[in-house]
Amino acid sequence: MVEHSKFRDPELARRIAEKLHTIAPESGIVKICHVCGTHEWTITHFGLRSLLPQNIEVIAGPGCPVCVTPASEIDEAVQIALKGVTVTCFGDVLRVPGSEKSLLDAKAEGADVRVVYSVADAIKMAEKEPRKDFAFFAIGFETTAPSTAVEVLKKPPKNISFLVSHRLIPPAMELLTRIEDLRINGFIAPGHVSTIIGLKAYEIFPKLYHMPTVVAGFEPLDVLFAVYMILKQIKNGEARLENEYARAVSWDGNVKAQELMRQTFDISDGEWRGLGKLPLSAFKLKKEYIKYDAREKFGIKIKHGKDLPPGCQCHLVMIGKIKPTECPLFMKVCTPQKPIGACMVGIEGTCRIWAKTINIPV
Amino acid sequence: MCLAIPAKVISVHDGKAKVDFGEGVLREVDVTLVNVKVGEYVLVHAGYAIQVLSKTEAEETIRLWNEILEAEKQIKTR
Chain Z
1 MVEHSKFRDP
11 ELARRIAEKL
21 HTIAPESGIV
31 KICHVCGTHE
41 WTITHFGLRS
51 LLPQNIEVIA
61 GPGCPVCVTP
71 ASEIDEAVQI
81 ALKGVTVTCF
91 GDVLRVPGSE
101 KSLLDAKAEG
111 ADVRVVYSVA
121 DAIKMAEKEP
131 RKDFAFFAIG
141 FETTAPSTAV
151 EVLKKPPKNI
161 SFLVSHRLIP
171 PAMELLTRIE
181 DLRINGFIAP
191 GHVSTIIGLK
201 AYEIFPKLYH
211 MPTVVAGFEP
221 LDVLFAVYMI
231 LKQIKNGEAR
241 LENEYARAVS
251 WDGNVKAQEL
261 MRQTFDISDG
271 EWRGLGKLPL
281 SAFKLKKEYI
291 KYDAREKFGI
301 KIKHGKDLPP
311 GCQCHLVMIG
321 KIKPTECPLF
331 MKVCTPQKPI
341 GACMVGIEGT
351 CRIWAKTINI
361 PV
Chain S
1001 MCLAIPAKVI
1011 SVHDGKAKVD
1021 FGEGVLREVD
1031 VTLVNVKVGE
1041 YVLVHAGYAI
1051 QVLSKTEAEE
1061 TIRLWNEILE
1071 AEKQIKTR
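Order-wise, the sequence lines are chains Z and S.
Mapped onto the numbering used here, the consecutive letters of the first sequence carry residue numbers 1 to 362.
Mapped onto the numbering used here, the consecutive letters of the second sequence carry residue numbers 1001 to 1078.
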């Protein structure tokens, strides 16, 4: 494979940064929005914002899957756990606040909540302990949903069910285009979601919303070149769909993964934390797999949750409307050690990335 | 969450593969979602290979980057 260091070459970075200054419009703000926690990490960790011309802003959209999971669905997981079912989940879900409790709180009360690296590990656990009931909390975007599909279709043991909370990225991007005072001028589309759904999933953004859209990888140079490609389109008065991450993303994406998802899930409206219900933005298990649906199996019916603790601005941070530093709680009462909002919990949450990376005077 | 790490495929058997994340970190991952051969590189997300990486496209990207930067240089020196 091509040497990793070539994608991080500081000399190339310096030269592309210089070039950004020559191509950026002389006046007016250009706002470029990404929708992936890993992009936010690359941008913040490598200090890329400091390389951009002053009038080029890169903002973070709702790209952290644990942050967007609404309190009502955390409440469902907590309720299942408190019924004596072993809940398995990814590590960063543990501390995400529900209306009253997180899964970690439930664990402290004696519930059996276990962290797994992958859904396959959750299945193995259920196989090893056939007398116990297990529920896997399936969160994540299109990158993660195929792995849930693979396991559901394999007919897992009877003692495991799935609390499916997968969300879809393009509907969230559509929401962003409709928020008028956000005034986004271009999208950096998420590289790993795109390995699955392909370039074609973003066709509507240039066509319908006249939004330059570039699918980008996660090395610092990937992001800088994506910004360049968007600025070039803006300069030429164009709105096109371009692929900066061709080494992993194709036009059609991972067709096999798409087919498995189609067999497993129906698309439904979904709640996003603090953002309300977005049409056709969530997966739910198809009728034929209802016996694996944890909500049905344990009779869980929660309609509404309390998404935002008092003062928490996660809903505004999540759409890039404000920076973490503009939230009155940030690093005062809401810290990585004692998070209040979901954006401070998720390892891809904008607040957590800023808190962990930037030396912010308190 | 959508973090995915490139790894080299060492062996493939029954929908699983042993992959090398570099510096000797080996792990078994599920390869149901991809068609992959030994020696190829895959992107691994939460224990599942989600895509095969293209060496040609990786080289092409680096070439394009340099081309973009060279074009700029020529304009400057002209």
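Some clues are possibly wrong.
Said to hold, decoys possible - To give a feel for the contact side, a few chain S residues facing chain Z, derived at Cβ under 8 Å:
no., residue
1, Ile-1005
2, Ser-1011
3, His-1013
4, Asp-1014
5, Gly-1039
6, Leu-1043
7, Ala-1046
8, Gly-1047
9, Ile-1050
10, Gln-1051
Said to hold, decoys possible - Sample of chain Z residues with no beta-carbon within 12 Å of chain S, all distances over it, derived:
no., residue
11, Glu-18
12, Cys-36
13, Pro-65
14, Lys-83
15, Ser-99
16, Val-116
17, His-210
18, Lys-297
19, Lys-301
20, Leu-308
21, Pro-310
22, Leu-329
By construction, these hints were calculated from the structure, which means they are not laboratory data.
Yeah, the Cβ is synthetic: ideal placement off N, Cα and C, and Gly gets one too.
Hint-by-hint comparison with the structure:
The closest approach between the C-beta of Ile-1005(S) and any C-beta of chain Z is roughly 10 Å, which is over the 8 Å cut-off, so the hint fails. Interface hint at Ser-1011(S): violated, since its Cβ lies 18 Å from the closest Cβ of chain Z, which is beyond the 8 Å cut-off. For His-1013(S), the interface hint is violated, since its Cβ never comes within 8 Å of a Cβ in chain Z; the closest pair sits about 15 Å apart. Proximity of Asp-1014(S) to chain Z is violated relative to the hint, the smallest CB-CB distance being about 12 Å (cut-off 8 Å).
The interface hint given for Gly-1039(S) is violated, since its Cβ lies 10 Å from the closest Cβ of chain Z, which is over the 8 Å cut-off. Below 8 Å, beta-carbon pairs count as interface contacts, and Leu-1043(S) has one with chain Z at about 6 Å; its hint therefore holds. At about 5 Å, the closest approach between the beta carbon of Ala-1046(S) and any beta carbon in chain Z falls short of 8 Å, and the interface hint on this residue holds. Checking Gly-1047(S) against chain Z: minimum C-beta separation of about 3 Å stays under 8 Å; hint holds.
Against a cut-off of 8 Å between C-beta atoms, the interface hint on Ile-1050(S) holds, since the closest Cβ of chain Z lies about 5 Å away. Taking 8 Å as the C-beta cut-off, the interface hint given for Gln-1051(S) holds, the closest approach to chain Z being about 4 Å. At the 12 Å boundary, the C-beta of Glu-18(Z) falls inside the reach of chain S, the nearest C-beta of that chain being 8 Å off. For Cys-36(Z), the requirement that its beta carbon stay farther than 12 Å from each beta carbon of chain S is not met, with the minimum near 6 Å.
The Cβ of Pro-65(Z) does not lie farther than 12 Å from every Cβ of chain S; its closest approach is about 4 Å, which violates its non-interface assignment. Once the 12 Å rule is applied to beta carbons, Lys-83(Z) is consistent with being away from chain S; the minimum gap is 26 Å. Here Ser-99(Z) stays apart from chain S, with its beta-carbon at least about 22 Å from theirs, past the 12 Å limit. For Val-116(Z), the shortest C-beta to C-beta distance to chain S comes to about 9 Å, within the 12 Å cut-off, and the non-interface label is violated.
Listed as a non-interface residue, His-210(Z) keeps its Cβ farther than 12 Å from every Cβ of chain S; the least gap is roughly 24 Å. At the 12 Å boundary, the C-beta of Lys-297(Z) stays outside the reach of chain S, the nearest C-beta of that chain being 23 Å off. Under the 12 Å C-beta cut-off, the non-interface status given to Lys-301(Z) relative to chain S holds; the minimum distance is some 27 Å. Against the 12 Å criterion, Leu-308(Z) stays outside the reach of chain S, whose nearest CB is about 21 Å from its own CB.
Pro-310(Z), annotated as away from the interface, keeps every beta carbon of chain S farther than 12 Å; the closest lies near 27 Å. The claim that Leu-329(Z) lies off the interface holds: its Cβ sits roughly 23 Å from the closest Cβ of chain S, which is beyond the 12 Å cut-off.
The structure fails to meet hints 1, 2, 3, 4, 5, 11, 12, 13 and 16 from the earlier list, while all remaining hints are met.
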